[in-house]
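A.B. asks: One-letter residues, chain by chain:
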Amino acid sequence: MGISDVIPVPVAIDEEIEKWTIFGQPVAEVWFTTTEKIHQIIQMGPIKNIFNWGRKNSVYFLMQPMGCCGVEMFVFGAAPYDSDRFGCIPRNTPRQTDVMIISGYLTRKYLPVFKNLWEQMPEPKWCIAIGECAISGGPFYDSYNIVQNTGDYFPIDVFIPGCPPRPEQFLEGLMNLQEKIKQRKDRRDY
Amino acid sequence: MDGIIEIITQFAAQEPAIFALIIGIIGAAVLSAVVNVGAMLVIWADRKVMSDFCNRFGPNRVGGRWGILQLGADAIKLFTKEDVIPAGVDKGVYVWAPIIASAGTMLVAAAIPFGALHIGGKNYPLVVANMDISAFYVEAALSIMSIAVFMAGYSSNNKYSILGGFRGVARMIAYEVPMGVCVISVAVMAHSLNLVEIVESQTVWYAFAQPLGFIIFIIALVTDLGRVPFDQSEAEEEIICGYSTEYSGIRWGLLYFQEYNNFLLGSILLTLLFLGGWHGPIIPIPILDMISPMIWLLMKVIIVIWFIILIRASLFRLRIDQVTDLGWKWMLPLSLLNLGWAVLIGSYFA
Amino acid sequence: MTNASEVLSSIQSAFPGAVLDSRVESDRRLWATIDSKKILDVCKHLTAKLDFDHYSGSAGVDWMARNEMEVVEIMTSHGAHQVVAMLKVKTPRDNPSVPSLVPLYWNANWYEREIWEMLGINMEGHPELYPLLLSDPLVGSWPWRKDFKGYPDLTTGERAVAITTPEGYTDYYFPPTQAEVEAGTVVAERPKYPTFLEREEREIKSDSEMIMHLGPQHAMVPGPFLLDILVEGERVKKAFLDIGYIHKGIEKIMENRSWLQGITYTDRMCYVASLTNNECYCGAVEKILGLEVPERAQYIRVILEELSRIQSHLIGTGEFLTLIAGVGFAPWQYMIIDRERIISLIESVTGARLTHTFVRFGGVRNDLPEGFAEQCRKDLPYMKSRIEEFIDLFAQDPIYHARMENIGSISPETGKRLGCSGPVLRATGVAYDMRKEDPYLVYPELDFKIITGTRGDSADRIDVRLREMLESIHIIEQCLDKIPSGPIKTEAKIPKKVPAGEAYYRVEDPRGEMGMYVISDGGDKPYRVKVRGPFYATFQTLTPLLEGVYIADAVAIAGSMDGCPSESDR
Numbered sequence: 001m002g003i004s005d006v007i008p009v010p011v012a013i014d015e016e017i018e019k020w021t022i023f024g025q026p027v028a029e030v031w032f033t034t035t036e037k038i039h040q041i042i043q044m045g046p047i048k049n050i051f052n053w054g055r056k057n058s059v060y061f062l063m064q065p066m067g068c069c070g071v072e073m074f075v076f077g078a079a080p081y082d083s084d085r086f087g088c089i090p091r092n093t094p095r096q097t098d099v100m101i102i103s104g105y106l107t108r109k110y111l112p113v114f115k116n117l118w119e120q121m122p123e124p125k126w127c128i129a130i131g132e133c134a135i136s137g138g139p140f141y142d143s144y145n146i147v148q149n150t151g152d153y154f155p156i157d158v159f160i161p162g163c164p165p166r167p168e169q170f171l172e173g174l175m176n177l178q179e180k181i182k183q184r185k186d187r188r189d190y
Numbered sequence: 001m002d003g004i005i006e007i008i009t010q011f012a013a014q015e016p017a018i019f020a021l022i023i024g025i026i027g028a029a030v031l032s033a034v035v036n037v038g039a040m041l042v043i044w045a046d047r048k049v050m051s052d053f054c055n056r057f058g059p060n061r062v063g064g065r066w067g068i069l070q071l072g073a074d075a076i077k078l079f080t081k082e083d084v085i086p087a088g089v090d091k092g093v094y095v096w097a098p099i100i101a102s103a104g105t106m107l108v109a110a111a112i113p114f115g116a117l118h119i120g121g122k123n124y125p126l127v128v129a130n131m132d133i134s135a136f137y138v139e140a141a142l143s144i145m146s147i148a149v150f151m152a153g154y155s156s157n158n159k160y161s162i163l164g165g166f167r168g169v170a171r172m173i174a175y176e177v178p179m180g181v182c183v184i185s186v187a188v189m190a191h192s193l194n195l196v197e198i199v200e201s202q203t204v205w206y207a208f209a210q211p212l213g214f215i216i217f218i219i220a221l222v223t224d225l226g227r228v229p230f231d232q233s234e235a236e237e238e239i240i241c242g243y244s245t246e247y248s249g250i251r252w253g254l255l256y257f258q259e260y261n262n263f264l265l266g267s268i269l270l271t272l273l274f275l276g277g278w279h280g281p282i283i284p285i286p287i288l289d290m291i292s293p294m295i296w297l298l299m300k301v302i303i304v305i306w307f308i309i310l311i312r313a314s315l316f317r318l319r320i321d322q323v324t325d326l327g328w329k330w331m332l333p334l335s336l337l338n339l340g341w342a343v344l345i346g347s348y349f350a
Numbered sequence: 001m002t003n004a005s006e007v008l009s010s011i012q013s014a015f016p017g018a019v020l021d022s023r024v025e026s027d028r029r030l031w032a033t034i035d036s037k038k039i040l041d042v043c044k045h046l047t048a049k050l051d052f053d054h055y056s057g058s059a060g061v062d063w064m065a066r067n068e069m070e071v072v073e074i075m076t077s078h079g080a081h082q083v084v085a086m087l088k089v090k091t092p093r094d095n096p097s098v099p100s101l102v103p104l105y106w107n108a109n110w111y112e113r114e115i116w117e118m119l120g121i122n123m124e125g126h127p128e129l130y131p132l133l134l135s136d137p138l139v140g141s142w143p144w145r146k147d148f149k150g151y152p153d154l155t156t157g158e159r160a161v162a163i164t165t166p167e168g169y170t171d172y173y174f175p176p177t178q179a180e181v182e183a184g185t186v187v188a189e190r191p192k193y194p195t196f197l198e199r200e201e202r203e204i205k206s207d208s209e210m211i212m213h214l215g216p217q218h219a220m221v222p223g224p225f226l227l228d229i230l231v232e233g234e235r236v237k238k239a240f241l242d243i244g245y246i247h248k249g250i251e252k253i254m255e256n257r258s259w260l261q262g263i264t265y266t267d268r269m270c271y272v273a274s275l276t277n278n279e280c281y282c283g284a285v286e287k288i289l290g291l292e293v294p295e296r297a298q299y300i301r302v303i304l305e306e307l308s309r310i311q312s313h314l315i316g317t318g319e320f321l322t323l324i325a326g327v328g329f330a331p332w333q334y335m336i337i338d339r340e341r342i343i344s345l346i347e348s349v350t351g352a353r354l355t356h357t358f359v360r361f362g363g364v365r366n367d368l369p370e371g372f373a374e375q376c377r378k379d380l381p382y383m384k385s386r387i388e389e390f391i392d393l394f395a396q397d398p399i400y401h402a403r404m405e406n407i408g409s410i411s412p413e414t415g416k417r418l419g420c421s422g423p424v425l426r427a428t429g430v431a432y433d434m435r436k437e438d439p440y441l442v443y444p445e446l447d448f449k450i451i452t453g454t455r456g457d458s459a460d461r462i463d464v465r466l467r468e469m470l471e472s473i474h475i476i477e478q479c480l481d482k483i484p485s486g487p488i489k490t491e492a493k494i495p496k497k498v499p500a501g502e503a504y505y506r507v508e509d510p511r512g513e514m515g516m517y518v519i520s521d522g523g524d525k526p527y528r529v530k531v532r533g534p535f536y537a538t539f540q541t542l543t544p545l546l547e548g549v550y551i552a553d554a555v556a557i558a559g560s561m562d563g564c565p566s567e568s569d570r
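Quick mapping for you: the protein sequence lines, in order, are chains P, A and H. Numbering of the first sequence is given in the numbering used here, commencing with residue 1 and proceeding in unit increments. Numbering of the second sequence is given in the numbering used here, commencing with residue 1 and proceeding in unit increments. Numbering of the third sequence is given in the numbering used here, commencing with residue 1 and proceeding in unit increments.
In isolation and in its complexed conformation, chain P is listed as follows:
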């Protein structure tokens, strides 16, 4: 890994920088070990709590209506239930979202697309499975086209049962996710 991976400089300058030394060590190496150390300090200290406070209060979800729960997701984001109160607003590009809401049946045809969307989201990210279909296949448990266990493909933090769950349940699930983020008990240990 060179400097040019982090800061956009021409490769020639990058090679030049790699020749520099500080305290008898290459500059690049010192840079990366220092940042690594900083990361470690952040990981254990109260700084992490501040980070998680920010993360928990600003959960942007991916606008992705998929089934009956998708309609309730509209309502959840719109005026009557107003997820914006919790700092939770819909975004349309996976690059700018923090939580993926699996709002319905996941079909064989859709699974690769969905996985791509999930992989495009930057860390830290969370996943909420909403409705019976997303949790276990629900009424479509014996369908030839439905993926039964979304939990096998996505690290799901919160399951919200219901067919479809009411928007109030969406809010409860969101608050549970916030609590998980705060206590650092989410599936991927952020």
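None of these hints come from the bench; they were simulated from the model. Please note that a few of the clues may not be correct.
[To be verified] Derived pair list, reagent style DSBU-like, types lysine-lysine, alpha-carbon separation capped at 35 Å:
no., chain 1, residue 1, chain 2, residue 2
1, A, K48, P, K182
2, A, K329, P, K115
3, H, K146, A, K91
4, A, K91, H, K238
[Stated by the list, open to error] Okay, the calculated bits of chain A under chain P, using three or more residues with CB under 8 Å as the criterion:
no., stretch
5, 56-67
6, 246-252
[As the list claims (entries may be wrong)] Listed below are several chain A residues computed to face chain P (Cβ distance under 8 Å; list not exhaustive):
no., residue
7, Q70
8, D74
9, K81
10, K159
11, E176
12, V177
For every residue, glycine included, the Cβ atom is placed at its ideal position computed from N, Cα and C.
Fit chains A and H to the given chain P structure using the hints.
C.D. replies: Using the frame of chain P, we list chains A and H on its own:
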């Protein structure tokens, strides 16, 4: 205290270049802090006022019942997000786009007077660089954002982004001309291109002296800011997030932030040019009388911002061809008409 | 007025020997088995001579015991008469093949592609026999055949195997299960056809054109579907549609559930119009059973279906508004707030917000609660004033008119030819409404108008929906006045096993004509349920409409169709 001042004056005499540099850095830090905190408040206001128009509450969970710390939470989250540079992007351009956007905003901020101090019956404008052509300079520097938009759109290697970038540039070109002509009409009336002098010369607000120019300037400003009904470059339902589709984390945060920086600065510019700037009756209370010009400016700016947010809540989005049509076929001729009017009235009263 | 027996005799006299078997169920239903060599001629004759200008869909049925397959063509008319001709074409089960009707009816395209991919019936003369709903690995296993055993292995959830594509994306492959291997339904050789991506990339003619994906995840879509547009600059040159991203196989699943359980699946077909879906299925089964629904139950059904229509139109219009104005647009939030009132009215009766399972065979599940009529009388005038406000708002907005007028216009002739229905067709000026056309429940006793537009463009479609809501409110108010007291369920005992028979029942869904074709073989489960969804037909008309418009218009047109991909995918 006197000792410190003496040391500073000595230092300034010995090393004028370094002294100027230090003062400049301090000034830039203060300026960017003021502008960015202002922009944060604008974002917060945007969310809250929008919520109000939509019969919602808006953020109200952090920072008291008004959700004033919501932007803090958003900023912390964006800062600690993974820094994704997608494969296939033009890396240099991709990385520099948000930085150029921020630099452009700061260039604008440098020449904008943020108010005036009223001391001893005289107004002392608060402006970092009080240059002679500041009105034109500010108007031109506001469109640096469009270059950043195009850089972001072009470098992202994404079809939505490139369309967003193209739309942004097409829109900017169509509306920059009428906007410039409006600024010229104001300058013709004020006999100056200096924003401070323009404000001081407004015995009658230019919004009343040239209403046509005022309306055209508002429309062109909303276009420049890229807000509904002119938000084609990031029309969410058509091209996802437009030019910023591939941006994430703090890079997106910066781009997003600059829009609101521009929003704030553009509103201030509108107030200065057309709404009499800091003009207003002086409040006859000891300390308040000193800052009363700033209070007036702030109140006018808040009303302008509120109005532009109201537009977003109540208008449909135009199509890109209609936008350019409107710009070239209506705004430009009308702004020239307004220029003629300004010359007539200006020379009559002069 | 033409009736079914006249139609039958006309066919018999024009083509002696073509009708192998026939049954006149009533004045409005004709069942006939046609020789597969003559079916094209018969259809031509029906269209040209007898005003059968509406090809309403087709269904494939696998008769495994008789070792034959059947394709049922549903032919009817746009208001000239009310006869629905169900023309069956039989074909042997090994190497099945029937002539395609695409040369005659443009909209037969999707129906026949579906029959091909699900049942493996070859459609002779079909120009583009590519899979529509299924993902490529499933094509060739013909899932709707009765001997298909490809259900997932329930013991292990993890079936999909991740593979990395050359572009670096993750793709999934589903290896065959043990059951599939034992049953021998593993596809030996897959049919050869170009993939969706290859097909659309063929159309790129120059460097200045590119394909833009609007979906499956996109702010525009009301549910996952893939709308690809070939653009040059801002102009759309051609559009391609790929659906099936939420294909659940409801029709197959319903064959494996009891008759009563089937109602729950109709809920989940189109979740914003589940009451009309319930009605359609229950109506078809009641027809086979010969049940009479008590009058009070009919009134309750009408009230709830009209309420359901209002809330469906509200959310459909609201979503459309976000597409042309952005999510910050306040009126769409107002529509959602108003929709909550209607939802709470429905909820007070059915107990659920979206999936009700309220309509039952021969009646409804429960009576109206106490105070429902008063609450309705309080809320409906309010809704009326709100909707009138919305109508005013759109009528006065100059930007709305600049954006929406003459965008995506359909002429009445085109509308009929494309096979769309509901508000999309009514906006063109064709007064085609199942509530008048094929009356069900107590609609004949109620006074209401069919709302029509004049230009058939996007603005008209929205306007028709808004004014239809006013009409629905008018209907509900009449029902509240007229509703009699009495039982809410039929006295007759509903048997577990429905006697053998078949029925086709049509209702007016918020999105248009919905029909269900239910076959019973005398068992405790339906033998076959075919859903003729309204949006499936409307969806198909989207691609030709998008040619030559701007990208922003493409989004607006797609939105003005009031999409429900869940129902078109089933």
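A.B. asks: All the hints need checking, so say for each whether the structure fits it.
C.D. replies: Hints, verified against the model:
Of the supplied pair hints, the one linking A/K48 and P/K182 holds, its CA atoms being roughly 25 Å apart against a limit of 35 Å. As the CA atoms of A/K329 and P/K115 are separated by approximately 47 Å, the hinted pair breaks the 35 Å bound. A C-alpha spacing of about 55 Å is found between H/K146 and A/K91, which places the hinted pair above 35 Å, so the restraint is violated. Distance restraint check for A/K91 and H/K238: the Cα-Cα separation of roughly 33 Å lies within the 35 Å cut-off, and the hinted pair is therefore satisfied.
Look at the stretch 56-67 of chain A against chain P: 8 of its residues bring a Cβ nearer than 8 Å to a Cβ of that chain, three or more, so the hint holds. Using a Cβ-Cβ cut-off of 8 Å, 5 residues of the stretch 246-252 of chain A lie near chain P, which meets the minimum of three, so the contact claim holds. Because the beta carbon of A/Q70 sits about 5 Å from the nearest beta carbon in chain P, less than 8 Å, this interface hint is met. Here the hint on A/D74 is kept, as its CB sits about 4 Å from the closest CB of chain P, short of 8 Å.
Nearest Cβ of chain P to the Cβ of A/K81: about 5 Å, under the 8 Å cut. The hint holds. With a cut of 8 Å, the hint placing A/K159 at the interface with chain P is violated, because the nearest CB-to-CB distance is about 13 Å. Given the 8 Å rule on beta carbons, the hint for A/E176 is violated: about 28 Å separates it from the nearest Cβ of chain P. For A/V177, the shortest C-beta to C-beta distance to chain P is roughly 32 Å, which exceeds 8 Å, and the interface hint is violated.
Hint violations for this structure: numbers 2, 3, 10, 11 and 12, all remaining hints satisfied.
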